[in-house]
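A.B. asks: Line by line, the protein sequences give chains C and Z.
Sequential numbering of the first sequence, starting at 0, is according to numbering that gives the first Met the number 0.
Sequential numbering of the second sequence, starting at 0, is according to numbering that gives the first Met the number 0.
None of these hints come from the bench; they were simulated from the model.
Idealized CB from N, CA, C, for every residue including glycine.
No false leads were mixed into what you were given.
Pairs of lysine to any residue, SDA-like flavour, derived with a Cα cap of 25 Å:
| no. | chain 1 | residue 1 | chain 2 | residue 2 |
| --- | --- | --- | --- | --- |
| 1 | Z | K1 | C | N10 |
| 2 | C | K535 | Z | T169 |
| 3 | Z | K170 | C | E543 |
| 4 | C | K277 | Z | E197 |
Far from chain Z by the CB rule (all over 12 Å, computed), these chain C residues:
| no. | residue |
| --- | --- |
| 5 | D133 |
| 6 | V266 |
| 7 | S268 |
| 8 | K272 |
| 9 | E301 |
| 10 | P338 |
| 11 | E339 |
| 12 | G487 |
| 13 | K604 |
Listed here are the chains, written in short residue letters.
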Amino acid sequence: MDIETFFQNQNSKKQLRILTCGSVDDGKSTLIGRLLFDSKNIYSDQLSQIKIESEKYGTQGKQIDLALLIDGLQAEREQGITIDVAYRYFETEKCKFIIADTPGHEEYTRNMVTGASSSDVGIILVDATKGILDQTKRHTFILSLLGIENIIVAVNKMDLINYDEKKFKDIIASFKNFAGEFNFNLQKFIPISALVGDNVFQKNTNISWYNEKSLIDELEGISLNEPLEEEIFSLPVQFVNRLSSDFRGYSGTITSGKIKINNEVHVFSSKEKIKIIKILTPKGESEFAVKGQAVTLTFDKEVDISRGDLLCSVKNHNYFLSDQFASHIIWMNKEQMIPERNYIFKFINFQTIGKITDLVHKININSFEKIASKFLNLNEIGYAKVALNKNTIFNTYKNNKKLGSFVIIDQFNNQTVGAGVIEHELRRASNISWHQMSINKNLRSSINGQKPCVLWFTGLSGSGKSTIANIIEQKLHKIGKHTYLLDGDNVRHGLNKDLGFTDVDRVENIRRISEVSRLMVDAGLITIVSFISPFKSERKMARELVESEEFIEIYVDTPIEECEKRDPKGLYKKARSGKLKNFTGIDSNYEIPSSPEIILETKIKSAEELADEVILYLKQYNKI
Amino acid sequence: MKLSHIDKLESESIHIIREVASEFVNPVMLYSIGKDSSVMLHLAQKAFYPSKIPFKLMHIDTTWKFKEMINFRDDIAKKYNLDLLVHINQEGVLNNINPISSGSKVHTDVMKTQSLIQALDKYKFDAAFGGARRDEEKSRAKERIFSFRDKKNRWDPKNQKPELWNLFNTKIDQGESVRVFPLSNWTEIDIWQYIYQENIPLVPLYFSKIRPIIRRNDMMIMVDDDRLKIKENEKIEQKKVRFRTLGCYPLTAAVESDASTVEEIIIELLESKYSERQGRLIDNDQIGSMEKKKQEGYF
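Same shape as in the complex, but just chain Z (with noise of 0.2 Å):
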């Protein structure tokens, strides 16, 4: 029997997560509802079977997610009995942080960075799962699988520690931490041979559907709830679109397809000129916006 290339990965993530439930004492899976985070609980789900997965899940919630992301976040913890925490950036909240007046640098840092680390402090978490892959963006290509957190939860890209075959250095002090990626070898069209191959429930809005969409910057932005305030010059109009990726609503591109199974969108992935992360408006904030981000302790 030979090991196709799904399976090798379907393995090392599965090596992956196993070392971690072995090593740390309290680690903690990092869900973000999207089709990444979709098949690492997955592979989680795989590695401790017949068992419960031995840790818990976190979301954080910047509050401006997509409503259907929400509702099948919850049916999702549900049908698999998941230990689900949910962790909001009160602060944020106060301050009336958003996407929209806050412009999406200050909001991702507030409600995601922010709020990631204050959950990580919060509940002492000493390892954290992140669905990130490394063909997403450049500087995620040269993270290590098993990526130190300093006491500030700080990424060093300079000094990071050598991993050799897959031997991974789990030994950190009290107060820092490590973010471990088990899909680092996956790319996009992996991840959706996979999804087509296992069945894995995606959120609806991957799959295309006609929905309410405004034109702003070059983007379509969908209008999810009257948070989006509608310009003078702009109209709301009924397109057939689908996300590529998920995140803040007002901050993720909905793309023009009519992909709407798994099959078609992979179809619609061969066929296509664009990147992924292209639907992603924070990363164009800057040339090597991605790499500062994760220094300062984002995903």
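Only chain C is shown next, with the shape it has when bound in the complex (with noise of 0.2 Å):
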């Protein structure tokens, strides 16, 4: 073949990212394994390796079992099954295929909405002899959710049930009883059988009834959609490049539309307009640049510009810049999801602290029911409204993927723990404005010669925490200053009535007293907290509230032995007999404070040397 044909061919090739799903035995990787045979990109001696694997795991007695082409890991050679993501790749005459195989199992929901989130069509396997199941409707309703157009629902183990076109049709049937309200560009069914082959490149005297295109015609068929020529031109701010002196370029990838030089755009955060001067692509210096492309500008003049913003077209953008968005938020850690937890939220090149304000319901991703429901689980799908602590440029999901989806990092562990797309904004942020009072708090607390802090005591049940308060507070009372003790016993009988003692209600607990505290504190209190509050994230958040230098915590390190010997309320007796649940050192967890401002020692001091610890440590800080 002469070089120059073969790269004209190779650069018409479009490429095309598709997704497999279905049921777990249903054959998925079976069909990629026959994809690729097929399309001639096996080589031979990964085809005798196989060979060699197929004679020890296989499950098509002495025939090759291409379905191990694909399990890659050893772990699921042995079990069968496939655990991850995978991603393939294969080409055709027309087409480079990137294929991301994803295992069928509800455990595994979260890979494959890993899978799904970043392909353009999604190929459902329907195992012919058992029907649509509950996994076929929530991959579906996954593929729906995540904005996949283009679906093909292949039938599939057509040889089993002697290629019956009424059992084909009755399948076709019920899958659009359940999926009519999906609104899918292009949904087509297609009978096949991956272990011979059949309707997958070639079409089959087999199936004489089935008179339209074969599999792999179906998706070259497929057409992406190119940007508009009126589509929004939109560049999130990756990288300021300004390694070298004599230059200053705004580099990142164009996620919406297109741009020339001479173009004037809209700096999002600052609303300022600018002209561009020049576009550096990937090929080169360029007249103009389009969506998907990895580009850096220069502009007419010197404007604050940095990661995190977004340049756009001046007229009829559609972007938001708010704290508050409505979304649905796909759940993928073991965990759980706890409302009013603060979470770490990523977009495409910002991230910032944040939570879930508010679960509005829960879906059950086999019927579609919503559930009323305060927390998610591992793979599972909730509507939600989010507040984040910083003004975030975010578009909905529906007009730009790129700027409607976001991940959750957990604070702690560093976890990816869930994944969203942005439904709508909301605007409750804008328009409650923090009054601004004419009193504030360094006019309140300086009458009385003292900076207002939080003391946050933290410690198991017992520890000593409330004794140490109590003695503090009356010293701090004697010397004039004016204090507030918040007690976690006091506050569950009032403020608190109304929670218990799960996760999800301690969490609660926490951030009422942490807004009370904030409260205190912009009064001009010496505020101290008196609470087990067992989680570092929650701690966190209490500190994030108020100005840094304002959080004292204080962690009373008592061992558990000896919170347990002192017993003074008799719950941990009640606690190891099972009559109280989820306490705090038996059935529930304990977060020791990895840095806290002060630790006492119940062991060695006693609680008086212990309070004059503190008052010396707010003395040498100038609170008092």
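Hints given; two lone chains; assemble the complex.
C.D. replies: Dropping the structure here:
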């Protein structure tokens, strides 16, 4: 072949990202193996290795088990199931394919979501001998949630039902029955057998009643939306290129629309208009650039633009700058999602602390019912309101997938615990503004010659928090300081009497206490808070509500054996006998502070001595 | 204007490289001198053009690389004014670890895996780019683009963080790190096409030439220096050969070939029946061996 023709062909091939999904034994890996095998994308040495492994692990007797090409990790080959997302590559005359192969089990919904997030087309496999299963519905729902516009329902194992046309039509009917509301752009049904190859690449006489395209022809025919003429230009600024003194450029990948030299664009955060002078694309300096290109731009004037900002069309743009929105959230971690807990929200070029303030409902992904719930467990999907600590630029997922999606990261173990797609902005935040009063906390507290702060006591039940806190308050009172002591037990009788001791309620308990102590600090008081407050994340939330030098975390360090020995309220005894559930240190976790301002060891010193240590600290830091 | 498949891959890789430069304090690009590293380096230059690459490059030298590779490395570093570190595991050198008498497994472990870990710890890099592609090998097909490593540089394939859209989790604790693979979605043919279109310089070993080889374990091994002892039943032949991948010379098999230009290599590749890792002896130690090596810290 002549090389120039080859490159012309290569460059005219489109890229298509596809996802295969379906229930556990519907034959996904076999189908992908078949696609690779029939498109001649398997080399002979790979094939000979598969032959060896087929004899060892294969499920197809003496035949080559094509699924073994796909199930990459050794554990999977041994268990015969796919447990993670694997990516595969093959090409045909017209197309370059990237396949995400994702697992079918319900406990791997998160992997399927991962695969779906970057796919253009979803192939939903249905086992002809079993028909539509719960997993089929779940996967169809997820594809629709993640905005996949093209789906192909491949009814597999037709060879096992003697290529029965009626059964095929029944399956189509029951699929349409539940999937009617999803509005896919393209929805096709193809009877196939991945094992023997019917209708995957070649049309087969076994299914003479089927007159439409084979699977590969259908895939090749899919056209992806190219940017329209009037599409809004948007470029989230990823990197500021000021690496050499004589150059200042702004880099990022265009997420919609296109631009030309001399176009005016809008810097979203500052509303400034600037003119494009140079466009540096991967192919060099260019007159224009389009969606999908990673570019660097220079402008006619120096303005303040940093990572996290957005450059977009001056007219008719549809972006938001807000700190609240409503979104669908997919939870991906074993530790459940807790409303009001702080998490990191990562967007395309920006991350900030935020929380899920309100779970409106969760969705039964098998029946699509909306269910009231306070939290989400692993693999559950819900509709929720999100509040961020900072204003963030975003769009709805429907308008722009890149600027309407985010992942949720745990602040402490750095796991990716969830993902979300933004449905709409919430305007509440901009309507309620903080009233600026003329008397502020400095004026209030200056009357008493004190600086307001929070003394946040944390420690196990019976560790001595309240005893020490009480002595401190007496000592401060004696020298004329204004204080207020918030005690766990007392607050639970009033403000928080509606809360129990589950993790969710504990978080809400501490959130309210944190807000109250913030108000107390604002009132100019030395606020003493004495709560078990077992979780790092909630203590961090409390800390972040006030100025950094205003929060003094005091860890009352008493070993649990000692607390249990003291047991002033008889609670340990009850917890041990099972009469009291969710008791910290017994069947609920206590997370020891990693860097508290003060540690009080009650085994070494008396409560009186420890109280004096805290008073000394306040003097040293000019609080009193 | 429509972006081709290669255009899309190119922009995706540049995006990944810029993301690392934005989010990490002390990244490094592992430069292995091979064709994938050459493409990765080329993309990094584009990502920051007209400025210099804002991080260091590092080569883990096992002391058994082909001489031509080392010469090429030094020429490229000079030509592009790269900030290149070269790390050798001196402990391994002292213990005379080598691919011939120590065996491929021990040599790779000590001079590559251990050496890499030493260097990452020494310079406290928090992110390291590698040129691996998912189409190369089955366990790589499952690895994330941003692949987390714990404080001991280990990969846990069963506990990978979900990676959605192009939102990459870059949060790590002190002492932990991330391996980043900007070429994840490229295939071998994509790499060659890009090398051709962009005219990227390569080590001459990729191109066919008459070279001295011996036959050992059904593979053709090039005699690059006198450390390769010729056994009695072996004889040096002059063969027209080239290399599909480059590693330590006693572990890298040559293939007979007449392809002496990038065009001819592409044509050969299209007609070839063998996948590229076949020329690497280390993969065949045992079934699943690449996955094991990766868990221990290998790229």
